Amino acid sequence: MVLVLADHSNGQFKKATLEVVTYAKKVAELMSTECTAVVIGNTENAGSLGQYGANKVLTISNGALDNFDSQTYTSAIAQAAEKVGAKVIILSHNSTGKSLVGRLAARMDAGVISGAKALPTMSDGFVVEKNVFSGKGVASYKLDTDVKIISLMGNSIQPEVLGADVTPEALDTQIEASKTKVLERKTVSGIVPLPEAELVVSAGRGMGAADKWGIIEELAECLGATTACSRPVADTGWRPHHEHVGQTGVAIRPNLYFAIGISGAIQHLAGVSSSKVIVVINKDPEAPFFKNADYGVVGDLFDIVPRLNTALKEFKANNN
Amino acid sequence: MKILVCVSKTPETTANINFANNNTEFDTNGVSFIMNPYDEWYALVRALEITEANGGTVTIINVGPSVNDAVIKKGLAIGAKDAVRIDAEPTSALFVAKQIAAYAKSQDYDIIFTGKESIDYNGSLVGGMIAELLNQPYVSYATSLELEGNTATLNREIEGGTEVLQVETPFVVSAAKGMAEQRIPNMRGIMMAKKKPLAVVAADSSDNKEKVVEYKMVPKDRSIKMLAPEDMAELVRLLHEESKVI
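Top line first, the protein sequences correspond to chains A and B.
The numbering of the first sequence is the working numbering, which starts it at 59 and goes up by one.
The numbering of the second sequence is the working numbering, which starts it at 3 and goes up by one.
It is worth saying that the hints were derived from the structure and are not from the lab.
None of the values given here were measured: they were computed from a predicted structure.
Note that beta-carbon positions come from the ideal geometry of N, C-alpha and C, so glycine has one too.
Check each hint, because a few of them may be wrong.
Restricting the straight-line Cα-Cα distance to at most 30 Å, the calculated cross-link-like pairs of lysine-lysine (DSS-like) are [to be verified]:
1) B:K213 with A:K175
2) A:K175 with B:K246
3) A:K371 with B:K246
4) B:K4 with A:K237
5) B:K213 with A:K141
6) B:K227 with A:K334
7) B:K4 with A:K239
8) A:K374 with B:K218
9) A:K84 with B:K218
10) A:K237 with B:K107
11) A:K270 with B:K76
12) A:K374 with B:K227
13) A:K349 with B:K227
14) A:K341 with B:K227
15) A:K145 with B:K213
16) A:K334 with B:K107
17) A:K72 with B:K246
18) B:K4 with A:K349
19) B:K227 with A:K200
20) B:K107 with A:K239
21) A:K145 with B:K227
22) A:K73 with B:K246
23) A:K84 with B:K246
24) A:K371 with A:K73
25) A:K349 with B:K246
26) A:K334 with B:K213
27) B:K213 with A:K200
28) B:K4 with A:K334
29) B:K4 with A:K341
30) A:K84 with B:K213
31) B:K218 with A:K175
32) A:K175 with B:K227
To be clear about the criterion: a stretch of chain B counts as covered by chain A if any three or more of its residues have a C-beta under 8 Å from a C-beta of chain A, and this derived list gives those stretches [what the hints assert, rightly or not]:
33) 183-197
34) 204-214
35) 236-244
Sample of chain A residues with no beta-carbon within 12 Å of chain B, all distances over it, derived [unchecked claim]:
36) I118
37) G121
38) D182
39) E218
40) T231
Working from the sequences, and respecting the hints, build out all of it.
Shown next as structure tokens:
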């Protein structure tokens with residue numbers, strides 16, 4: 059059996075969750091077995107995960123799980139794994155999954171791949187690829203433990219409709235009270251977080267000053283994209299740290315990455331080179347980023363970006 | 003306050019990565035190594051700040067061969083009181099975590115710090131594993147940590163925002179950007195580091211759960227199409243019709 063944690067935000071399943079359920083179903087098919095999704099906390103639509111491939115859905119309600127805590131959640135997932143006899147456990151490689159994946163591997167004494175980017179191959183053992191050296195390389199890992207644990211990078215697979223709604227079953231769990239107390243959760247609503255974003259607009263030192271970001275925000279709004287920045291920009295305080303993408307920031311793999319006024323230092327490229335399509339706008343034709351891009355525009359970004367915004371607005375007006 | 007900081011040795015951030023032996027090994031030829039930036043800049047420095055304000059000691063621990071001593075000594079020069087090196091190749095995250103947990107078990111640390119991930123294998127695994135092996139709470143991706151008595155208040159990165167939480171010592175925390183600012187060791191620190199204790203401990207035997215069978219470079223098969231600044235309508239068309247990303 060393949061077990062997948064279906065993470066949710068206030069009862070809503072995000073795209074990253076549907077991706078990981080689809081992935082789990084495909085892993086189950088490769089192993090000629092079935093896929094169980096486990097949902098922790100209150101969700102009315104847990105059964106809808108059947109559409110994305112879950113053969114069975116387990117729901118766990120327990121007061122000890124009201125707030126996220128890696129210790130109580132690990133206990134809950136381990137109990138679900140034991141209940142269904144899970145041989146593979148799959149998580150999203152998001153903040154929840156990353157907090158759990160190591161803990162769970164230690165608990166189960168399992169082999170683990172954190173940040174897998176593709177389905178396993180089975181021709182020569184159970185082999186899974188992940189990015190290493192902060193995106194500069196790819197490693198294929200072979201797992202030969204009885205239980206295997208995988209956390210899956212966002213945007214590695216698209217959700218597919220592979221089945222129909224199922225009736226969730228409640229699982230009784232014994233869980234000790236959490237030793238951590240959540241005081242507050244502050245999230246920006248209406249913006250797709252960077253690790254999940256399909257479209258990203260990123261700007262760098264070429265912007266010159268913090269108050270010049272209006273055109274970048276306008277471009278992001280036109281596209282429905284998430285904004286990001288390079289390390290020097292975050293370090294000088296022009297943009298918040300959570301927007302920093304690159305080797306020491308967030309590693310991302312969107313479908314489209316706009317790099318505006320970013321020269322393309324190796325540390326920056328490492329975090330974004332898995333993007334499907336890269337557009338570079340820079341005044342320096344020698345900027346290294348042009349060697350790692352699909353489309354390039356050389357010139358003054360304060361001239362080019364407003365033209366691009368106008369073109370996008372016209373495109374949207376004609377396509378709606 | 004007794005704090006343990008787990009540090010790993012990684013290639014320097016600008017290193018070019020190559021693979022050897024039929025792409026089954028990381029080629030260390032010509033690569034210089036550093037202390038993993040998250041371990042050094044954020045975990046170690048915040049641990050030092052906490053003991054400077056509240057009293058206590060910071061010990062650093064590394065699992066690796068004797069060449070790692072150079073990296074460990076940098077940590078001592080920055081201000082850790084002493085260091086422990088578990089003398090073994092760090093073959094997997096669980097192996098490393100088991101070594102550290104086995105050492106820490108008898109030492110009663112109040113806080114165990116790791117960086118949020120290492121910049122080589124990017125697993126983000128060791129902190130959570132140590133916490134599980136010691137049955138302690140684990141706070142990942144913390145961007146701040148304030149201590150009052152035995153109660154720590156932390157900010158943690160979550161999707162699209164932050165979470166504020168409280169936990170009592172002992173616990174394990176992984177440090178992300180924002181936790182502290184990088185410190186450059188001064189000459190006095192470097193001289194003092196030479197006299198600080200660096201204990202070498204034999205490894206507990208432990209098996210390996212996963213193994214890299216092949217490395218490859220990230221494919222760089224992009225061929226760039228250049229557009230004039232006046233051609234932004236064409237760029238939009240290409241993104242829509244050719245690349246199909248908008």
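The hints, checked one at a time:
| no. | hint | verdict |
| --- | --- | --- |
| 1 | B:K213 with A:K175 | 17 Å, holds |
| 2 | A:K175 with B:K246 | 21 Å, holds |
| 3 | A:K371 with B:K246 | 17 Å, holds |
| 4 | B:K4 with A:K237 | 20 Å, holds |
| 5 | B:K213 with A:K141 | 29 Å, holds |
| 6 | B:K227 with A:K334 | 15 Å, holds |
| 7 | B:K4 with A:K239 | 23 Å, holds |
| 8 | A:K374 with B:K218 | 40 Å, violated |
| 9 | A:K84 with B:K218 | 24 Å, holds |
| 10 | A:K237 with B:K107 | 19 Å, holds |
| 11 | A:K270 with B:K76 | 40 Å, violated |
| 12 | A:K374 with B:K227 | 23 Å, holds |
| 13 | A:K349 with B:K227 | 11 Å, holds |
| 14 | A:K341 with B:K227 | 16 Å, holds |
| 15 | A:K145 with B:K213 | 18 Å, holds |
| 16 | A:K334 with B:K107 | 46 Å, violated |
| 17 | A:K72 with B:K246 | 23 Å, holds |
| 18 | B:K4 with A:K349 | 49 Å, violated |
| 19 | B:K227 with A:K200 | 38 Å, violated |
| 20 | B:K107 with A:K239 | 25 Å, holds |
| 21 | A:K145 with B:K227 | 47 Å, violated |
| 22 | A:K73 with B:K246 | 19 Å, holds |
| 23 | A:K84 with B:K246 | 25 Å, holds |
| 24 | A:K371 with A:K73 | 26 Å, holds |
| 25 | A:K349 with B:K246 | 21 Å, holds |
| 26 | A:K334 with B:K213 | 28 Å, holds |
| 27 | B:K213 with A:K200 | 5 Å, holds |
| 28 | B:K4 with A:K334 | 46 Å, violated |
| 29 | B:K4 with A:K341 | 52 Å, violated |
| 30 | A:K84 with B:K213 | 23 Å, holds |
| 31 | B:K218 with A:K175 | 14 Å, holds |
| 32 | A:K175 with B:K227 | 27 Å, holds |
| 33 | 183-197 | violated (count 0) |
| 34 | 204-214 | holds (count 4) |
| 35 | 236-244 | holds (count 6) |
| 36 | I118 | 19 Å, holds |
| 37 | G121 | 17 Å, holds |
| 38 | D182 | 8 Å, violated |
| 39 | E218 | 18 Å, holds |
| 40 | T231 | 17 Å, holds |
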